[in-house]
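A.B. asks: Following the hints, position chains W and S against chain U.
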Amino acid sequence: MAAALEIPHDRLRQDLWRPLRGAGAWYIVAVVLVGLLVGWGLFAWGYQIRTGIGVVGKRRPVMWSFYITNFVFWIGISHAGTLISAILRLTHARWRTPVTRAAEAITVFALMIGAMFPLIHLGRVEVFYWLVPLPNERGLWPNFRSPLVWDMTAIFTYLTGSVIYLYLPLIPDLAQLRNHAAGWRRRLYKLLSLGWTGSDREWQALERAMKLMAGMILAVAVSVHTVVAWDFAMALAPTWHSTIFGPYFVAGAIFSGIAALLLVMAIARRALRLQAYLQPLHFDNLAKLLLLMSLLWVYFTVSENLTVWYGNEPAEMAVLGERLRGRYAPLFWVMVVCNFAIPFVLLGIRRLRSIGTATLSAAAVLIGMWLERFLIIVPTLARPRLPAAWGTYSPSWVEISITVATFATMAFLYLIFCKLFPIVAVWEYKHASDR
Amino acid sequence: MEHRWGMVIDLDRCTGCEACVAACHAENNLPLSDPASAAMGRAVHWIRVDRYWEGEFPHVRVKYVPVLCQQCDDAPCEPVCPVYATYQNKEGLNAQVYNRCVGTRYCANNCPYSVRFFNWFDPQWPDPLPLQHNPDVSIRSGGVMEKCTFCVQRIQRAKRDAREEDRPVADGDAQPACVQSCPAEAMIFGDLNDPESKVSRLASSGRATRLLEDLGTKPKVFYLQRAR
Amino acid sequence: MLLTGEFADREATVTALRALRAKGFDPEAIDLYSPEPVELEPGLLDRPSRMSLAAVAGGVTACLLAVAFVYYTQTSYPLVTGGMPIFSLWATGVIFYEMTMLGAIAATFLLFLWESGLLGRRAFPAPEALDPGRIYLRVRCEPHQLVTAGECLFEAGVVRVKKDKLP
Numbered sequence: 001m002a003a004a005l006e007i008p009h010d011r012l013r014q015d016l017w018r019p020l021r022g023a024g025a026w027y028i029v030a031v032v033l034v035g036l037l038v039g040w041g042l043f044a045w046g047y048q049i050r051t052g053i054g055v056v057g058k059r060r061p062v063m064w065s066f067y068i069t070n071f072v073f074w075i076g077i078s079h080a081g082t083l084i085s086a087i088l089r090l091t092h093a094r095w096r097t098p099v100t101r102a103a104e105a106i107t108v109f110a111l112m113i114g115a116m117f118p119l120i121h122l123g124r125v126e127v128f129y130w131l132v133p134l135p136n137e138r139g140l141w142p143n144f145r146s147p148l149v150w151d152m153t154a155i156f157t158y159l160t161g162s163v164i165y166l167y168l169p170l171i172p173d174l175a176q177l178r179n180h181a182a183g184w185r186r187r188l189y190k191l192l193s194l195g196w197t198g199s200d201r202e203w204q205a206l207e208r209a210m211k212l213m214a215g216m217i218l219a220v221a222v223s224v225h226t227v228v229a230w231d232f233a234m235a236l237a238p239t240w241h242s243t244i245f246g247p248y249f250v251a252g253a254i255f256s257g258i259a260a261l262l263l264v265m266a267i268a269r270r271a272l273r274l275q276a277y278l279q280p281l282h283f284d285n286l287a288k289l290l291l292l293m294s295l296l297w298v299y300f301t302v303s304e305n306l307t308v309w310y311g312n313e314p315a316e317m318a319v320l321g322e323r324l325r326g327r328y329a330p331l332f333w334v335m336v337v338c339n340f341a342i343p344f345v346l347l348g349i350r351r352l353r354s355i356g357t358a359t360l361s362a363a364a365v366l367i368g369m370w371l372e373r374f375l376i377i378v379p380t381l382a383r384p385r386l387p388a389a390w391g392t393y394s395p396s397w398v399e400i401s402i403t404v405a406t407f408a409t410m411a412f413l414y415l416i417f418c419k420l421f422p423i424v425a426v427w428e429y430k431h432a433s434d435r
Numbered sequence: 001m002e003h004r005w006g007m008v009i010d011l012d013r014c015t016g017c018e019a020c021v022a023a024c025h026a027e028n029n030l031p032l033s034d035p036a037s038a039a040m041g042r043a044v045h046w047i048r049v050d051r052y053w054e055g056e057f058p059h060v061r062v063k064y065v066p067v068l069c070q071q072c073d074d075a076p077c078e079p080v081c082p083v084y085a086t087y088q089n090k091e092g093l094n095a096q097v098y099n100r101c102v103g104t105r106y107c108a109n110n111c112p113y114s115v116r117f118f119n120w121f122d123p124q125w126p127d128p129l130p131l132q133h134n135p136d137v138s139i140r141s142g143g144v145m146e147k148c149t150f151c152v153q154r155i156q157r158a159k160r161d162a163r164e165e166d167r168p169v170a171d172g173d174a175q176p177a178c179v180q181s182c183p184a185e186a187m188i189f190g191d192l193n194d195p196e197s198k199v200s201r202l203a204s205s206g207r208a209t210r211l212l213e214d215l216g217t218k219p220k221v222f223y224l225q226r227a228r
Numbered sequence: 001m002l003l004t005g006e007f008a009d010r011e012a013t014v015t016a017l018r019a020l021r022a023k024g025f026d027p028e029a030i031d032l033y034s035p036e037p038v039e040l041e042p043g044l045l046d047r048p049s050r051m052s053l054a055a056v057a058g059g060v061t062a063c064l065l066a067v068a069f070v071y072y073t074q075t076s077y078p079l080v081t082g083g084m085p086i087f088s089l090w091a092t093g094v095i096f097y098e099m100t101m102l103g104a105i106a107a108t109f110l111l112f113l114w115e116s117g118l119l120g121r122r123a124f125p126a127p128e129a130l131d132p133g134r135i136y137l138r139v140r141c142e143p144h145q146l147v148t149a150g151e152c153l154f155e156a157g158v159v160r161v162k163k164d165k166l167p
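Top line first, the protein sequences correspond to chains U, W and S. Per our numbering, the very first residue in the first sequence carries number 1; after that it's consecutive. Per our numbering, the very first residue in the second sequence carries number 1; after that it's consecutive. Per our numbering, the very first residue in the third sequence carries number 1; after that it's consecutive.
Calculated directly from the structure, the hints in this document are not laboratory data. Some hints here could point you the wrong way.
As the list claims (entries may be wrong) - What follows is a list of derived Cβ distance ranges for each label pair:
| hint | chain 1 | residue 1 | chain 2 | residue 2 | range |
| --- | --- | --- | --- | --- | --- |
| 1 | U | R327 | W | P183 | 34 to 42 Å |
| 2 | U | S396 | W | P183 | 37 to 45 Å |
| 3 | W | K159 | U | G321 | 47 to 55 Å |
| 4 | U | H241 | W | P123 | 31 to 39 Å |
| 5 | W | A162 | U | P247 | 53 to 61 Å |
| 6 | U | G321 | W | P130 | 41 to 49 Å |
| 7 | W | P123 | U | A329 | 51 to 59 Å |
| 8 | U | V334 | W | K159 | 53 to 61 Å |
Claimed, not checked - So, partial list: chain W residues that the calculated Cβ filter (under 7 Å) puts toward chain U:
| hint | residue |
| --- | --- |
| 9 | A39 |
| 10 | R42 |
| 11 | P79 |
| 12 | C81 |
| 13 | V83 |
| 14 | Y84 |
| 15 | V102 |
| 16 | R105 |
| 17 | A108 |
| 18 | Y113 |
| 19 | S114 |
| 20 | F121 |
| 21 | G142 |
Backbone N, C-alpha and C fix where the C-beta goes; we use that ideal spot for every residue, glycine too.
Next up, chain U with everything else stripped away, as it sits in the complex (with noise of 0.2 Å):
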């Protein structure tokens, strides 16, 4: 950390309080623009619980699509917090300080909304709770042997834990707020900075936990996006039965959760004027980073596609061939083009590597990462074992508004989230720079 960073006090605070104070134009049509959004999805959705499932583009084979696609998307960009927060904790990196809360805040939101996936995605979903194990009349319960209750168990362990990790850092700022806020903000950072004080015993005991907390979500983010890959690598569709899948996923999950955390931060450093905390090393950090996971994602999906290649089996190749040469292959090329080609250029010259060009990099990450989990899905179910039975798939203007409107909430909440809580963790900040 450069010697320029020994921010008093006030100056910190002042810098970092200023988001929470009013709402400028701009913020206002931001809200209004992505309200409007929000809105549409969920008129999309309703409409669809109304008149019937029907109404998406999927049909026989091709029974997952875009639902399935953006859950899958969801939880792989919730790992961002986890990876920078928990793993630069670990290792003790003082960069990271001005970007753990950012992060950690994308991880909630993410998985609030990758959790709402599966249900947009249900058939009935007025029965939606029939898959938790609560006692009934029937004596029923979950079939604890499927993937999907595997997820549901392991989203609702990592959600509780990214929501603790999230919230135990941000008491102390919470405190330090209460002390200066007035009306409804003063009881609201009253009631949920639980009286912290700033005692000795409250600092080593929130020590202590952060640095466990740290060492068990890093356990949990690994495990929550292997199991949401063995949603795909339990089942015998070909190219899907695959033992790679695990690690697969969790390194495209880490991969786009340090690409949206680059755009988050980006756009946070233009529009709540952070340029002193959020600094080009900070960039930097992160775009080498996001050069390494994409190196890592080439070598997964070389992996994948070259063993698939060699084994020749008729019906994994009938997959291949979709996605290399047939109907797919255009979104294919875009993929590799975006979650390769770009990183590699813009952040591998070093004399290119900018904050403009790893906003770039991270923004077709999210647009490659996005087509990579489509691709995992719809060529497999459209060229199933039986030939007769194979299909095509296009989406329809529900499937489109409920994913675009998913990005609207995260921005919607993030927008929340930034009038309500600093971006940058005050105390972590000033303790890191003051050592």
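C.D. replies: Only chains W and S this time, still in chain U's reference frame:
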């Protein structure tokens, strides 16, 4: 001894006439589709006849394979259902519980034979078709998965009749609609646990094969074809 | 009696702490208040903690409960799916793992709330109006120890000292 229902389809007799498909529609209250939804891939046919062409004109050969739910012993569709809407009952049938299905559609993804069908909407039958419905078979609502049941309602009736008449179920008492309607008598149905039944004898003949056998699903539909 | 000293920097605070500990004051009677955590050498003001133990205990408990629950649900209404055994550690191992982690996380959080004093016992109240740039050291002492404690504070360079009665 429990029954263990199985089916034998003689591919050398099948003419591809699809009478079985029509009979199944009539017997099991299958939802209708229109040209648009059929083109989209949403038509429901619990039994379908797959056609495979081999060779170039004029030496073309065609093979007709009626494909229905194979009622696998190690069914891959069963463990992935999160709510136990599909399980194996004591008579070896892969039971689909319509009331329990929440519509995750995982079972359809995991079926290697693609024999599972989903109700995307509540089914509609224009008048007077509802008068034709079979009262022994429930109507499925939208959001629910369905598939061939080996006409379990006819099996139940055969067992009930046998119980009332105080005799065991005879071979040929229970006949699914497709088996009953086949003009070439290419389909045989019966109890695999009864070594004297036609099904057992044909299933152990030299011509018996099963679809996608190497996947280990242990299907109970045997296809007879001349060994090449 | 409560003696509160206000310090401007970390070094002065640590000097005062060392002096207090040398004079025999118990860590239980000393409290520090600061806007960021103060780095102390081990042994100076250690607070005993059972958090790691609680995490393990919570995890193991949750795991056993999960195994018992899954066993009960799968055997009370046994349904054969895919030829798999009715109760299978392989098929449901993921559930046990996740529940273990959930138990550990919950136990850690609960113990954080307890050991920090946020929920439950609090040693004694915090001083009012804490200036964020300063570190406050509060000592609980008998009237006859006041002079000794005060000396430790003044020799370390305290900026301001306040004396309060115990509430």
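A.B. asks: Taking the numbered hints from earlier one at a time, note which ones the structure violates and give those numbers from smallest to largest.
C.D. replies: 7, 9
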